[in-house]
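Next come the chains, spelled out residue by residue.
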Amino acid sequence: MPEKADVWQGTLALMVLKTLEVIGPLHGYGIARRIEQTSGDLLSVNYGTLYPALLKLEQEGYISAEWGLSDNNRKARFYRLTAAGRKQLVKQAREWEQTTSILDRFLSAAKGTS
Amino acid sequence: MRPMRAWFVRLLGLFARERREQEFSAELEAHLQMHIDDGIRAGLSPGEARRQARIRLGGVEQVKESYRDRRGVPVIETMAQDLSYGFRTMRRSPGFTAAAVLTLGLGIGATTAVFTVVYAVLLRPLPYPQADRLVYIKENLASGLNFFSTPREYAAWQKQSQTMSQLGAYMWSRATLTGAGPAERVICGAVTASFLELLGAQPVIGRVFRPEEERAGGESVALISYSLWKRRFGGGAAALGRTLAVDGKNYTVIGVLPAGFRVPDRYSSLKERDYDVWVPFGFNPDAPVAQRNVIGTTAFVLLRAVGRMKPGIGRATAQAELDTILQPLVRKGRTKHVVLVDWHDEISGGVRQSLIFFLAAIGFVLLIACVNVANLLLSRAAAREREIAVRRALGAGRPRILRQLLTESVLLAVAGGAAGLALAYWGKDLLVAFLSRNLPVVQPIRLDLRVLGFTLGVALVTGLAFGLAPALQSSGVRLMDSLKESARSGVAGPSRYGLRNLLVVAEVALAMMVLIGAGLLFKSFLLMRGEKMGFQADHLLTASLHLAESNYPTPRDQSRFFQRAVEEIRGVPGVQWAGAVDDLPLGGFSFGGSAEIEGRAESVDVHAPAITPDYFRVMNIPLIAGRGFMDADRDGAPEVVLVNQSFARRAFPGENCLGKRIKSWNHKGEWLSIVGVVGDVRGGAEEEVKPEMYFSYLQSGRSFMYLVARTAGDPAGLAAAVRIRLAAVDKDQPPDDVMSMEQLQADDLAPRKAHMLLLVSFAALGLVLGAIGIYGVVSYSVSRRLHEIGVRIALGAHRGDVVSLVVGRGLLLVLLGELAGVAGALALNRVIATMVFHITTTDPLTYAGVALVWMLVGLAACYVPARRATRIDPMAALRCE
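Line order of the protein sequences matches chains A and B.
The first sequence begins at 1 in our numbering and counts up by one.
The second sequence begins at 1001 in our numbering and counts up by one.
Check each hint, because a few of them may be wrong.
As the list claims (entries may be wrong) - Taking lysine-lysine pairs in the DSS-like style, the calculated list, with each CA pair at most 30 Å apart, reads:
{"no.": "1", "chain 1": "A", "residue 1": "Lys56", "chain 2": "B", "residue 2": "Lys1064"}
{"no.": "2", "chain 1": "B", "residue 1": "Lys1138", "chain 2": "A", "residue 2": "Lys75"}
{"no.": "3", "chain 1": "A", "residue 1": "Lys91", "chain 2": "A", "residue 2": "Lys56"}
{"no.": "4", "chain 1": "B", "residue 1": "Lys1690", "chain 2": "B", "residue 2": "Lys1336"}
{"no.": "5", "chain 1": "B", "residue 1": "Lys1332", "chain 2": "B", "residue 2": "Lys1064"}
{"no.": "6", "chain 1": "B", "residue 1": "Lys1064", "chain 2": "A", "residue 2": "Lys18"}
{"no.": "7", "chain 1": "B", "residue 1": "Lys1690", "chain 2": "B", "residue 2": "Lys1532"}
{"no.": "8", "chain 1": "B", "residue 1": "Lys1249", "chain 2": "B", "residue 2": "Lys1731"}
Just so you know, the hints here were simulated from the structure itself, not pulled from any lab data.
Computed from a prediction, not measured in an experiment: that's the story for all the values here.
Please work from the sequences and hints to get the whole structure.
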């Protein structure tokens, strides 16, 4: 899994942002679980990658963090999407869609000719 | 924008680390707990849930580490860590640190000292406005390159040149200064007003010359040096307007030049560069070259001309133009062409080669120091192998270890650099004092920012250079092997020895090369000092004296003065004989010309000193045939000459030359009979013997003579008495210098001696460092082979066997190094050739001697650890397994 970390970095940020948009403020563990569930347990989030990614988003000002209580009354650090983060999410999602559609077209075209 | 913000936050993250660290621990802890809660909820036992959560999370420390990397700026943090770790390591092993810092300090310090001089003399631009466009005008004659030009030529360039924005000229001569104090011999510069402008001279008080003051017949004004101002006028403004007499001619002081203001001139000695009086150069361009010049003596008025090219004009263009202007002035049948050289190059040209040579030599020594420290680091790396293996096991990557080791070595180098800087501070003064006669110093030689930058750069580069190999090696350690290996077990891998041995060989080779160079210079110096001069130099006092022609206008007056002076000196108690000559061996300059031989077509290049009758007796120059001069050979009597053996051999091979007649270029055009032959005399240790013909001074007056006296005791002790006697003849005609011949001889050899001593001290440094290197490697190998040696002794090896085992290996390295060094020296032999005289650069005796020295040093360096090896108690060595 650690070998995949680099490939993950870009998309992981997008997933985090999207998760926070959908669920609202959430702690690191929750974000990881949510991503894994959403992927149908195809993905396994590496925590050594997740926390630095969260920190990066926080440093860039896309998310903010504060301490709160979890469902079962545990003190946890909750991350929340900022206004800048919302804009960034829209932008990144569009870029991602564009990339995937290009790749899609490319792959289907390549399939067609072979 | 975002990345910027992120960087800003990260930089902030360098602070308050403690709090963030705790916060993240708490966050991770919460994470873990939630995971466990989920596990329990899913029906796992609490223990199993905890186990799975932990597995899933991975190494807590690794997660924290990657979080930390993102939080702050890892490069800076790592460096701070490495630095503090490095400091701790240095403190923990003070012996190692001291050895490394000292070694590097010596190397870097010596290099910095040499660079300081190189920078001031060769690299730093001249301290004049637009210095890069200043050029010096030389003339290429059929016989070689001349560094002066005539007033006529200068005037033509001045008038016609379009490529030069400014031209200036200067010359100097010794002169007698009277008025406002006792008579004093000074250096008097005669310069054009434009020359001072060219140098951007700003007077301390008063003003500099105006162009109209240049012309002959203008008001006689003079500038004085700062030191003369202090000396004679007490540094007061009252000096302006005072009158000084230079060689009997009056000048009004109009200004004082700043302290240390001097004309950089390659062709005069240090003392001759400090002009005390400056007068405007009022020449008459149409007068013959040998004319009565401003200063009042008849002399060759030879100008040194400097110009500033207009912006955008290349040197080739300017040279072509000045040459075109020159051509109409060149006499028919002769060739003369202008050669423009960069003024800075011209000034430093005499020392450029030797300075670069020394910089290279000291660079070798620095390399040796680096190799030494690399070896020290290697030994230490072996001891730290386990530490590094542990660090790697704890998750430090190879780059991280490499960076840390390099930080440590750079730290050492910087500490060494600081020590070196202190050394350089004193060293450069020593060096300047050493080389002062050779250096055309225009500006102060000091440690400025650029030199500091150089030192820092050298320190960093050396730190990387000596640290890289050991760091690469120890960071590449195979984890399991070294963790398993007990610290002192067995023999280390062969590759490690290989590198260390290679370093020692390289070190010996480098040191050998420097030592060979030093040996060659040393031998060359000895040969030069042992060179037979042809006269007896001890117990000889000399005094040079110029007569002011305003006071002694005719040859008869001059002759009378010197005859009286010689008589006075002969009367000094302790003086045995006294005489005079106008061209003293080692006197510093001599004029030559050609002599015709009666009945022959070809002429002989000769030197033609005029002497008093007792001169040969004073100098102890043997009379080979015929007679010497007598008091009867004076004005009115038939003129006669003496020649030296070289002349006789050259002009009359196999013949008796007595009675033959010759004619010299400087003597009225009469045929003169040879009445005697005397022994050859050398003009200087580096000079070949030249054919000479001697005139009787009584038959040919000169305004300049050296007075020489053979003394019973120490000649220097009689200097004061000689000065007093000369003042009695004419108090306004003091001698320039009163020096013993041995002093002159020492001065003649001083540049060579300085070179030799400098290289010898470099070589000594290399020798010491190299010896330390060999010692280090051999004693390291002994300490690693304690076990093996113990076994050998236990099995009955004799002390001699052990010694020869250890020493043999060490000497093999030295031998290999020597071979490489000899090869290197042979390859560089052309470079050394420029520095030595009288011997070839492949002088086998020197090479053999140097090789022997290195063998002995190597033997000594190996023997100490070898002896230690013999004292190993086999039981102890075996038990420590």
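Hint by hint, here is what the structure shows:
no., hint, result
1, Lys56/A / Lys1064/B, "holds (14 Å)"
2, Lys1138/B / Lys75/A, "violated (89 Å)"
3, Lys91/A / Lys56/A, "holds (17 Å)"
4, Lys1690/B / Lys1336/B, "holds (26 Å)"
5, Lys1332/B / Lys1064/B, "violated (92 Å)"
6, Lys1064/B / Lys18/A, "holds (25 Å)"
7, Lys1690/B / Lys1532/B, "holds (14 Å)"
8, Lys1249/B / Lys1731/B, "holds (16 Å)"
Checked against the numbered hints above, the structure breaks hints 2 and 5 and satisfies the rest.
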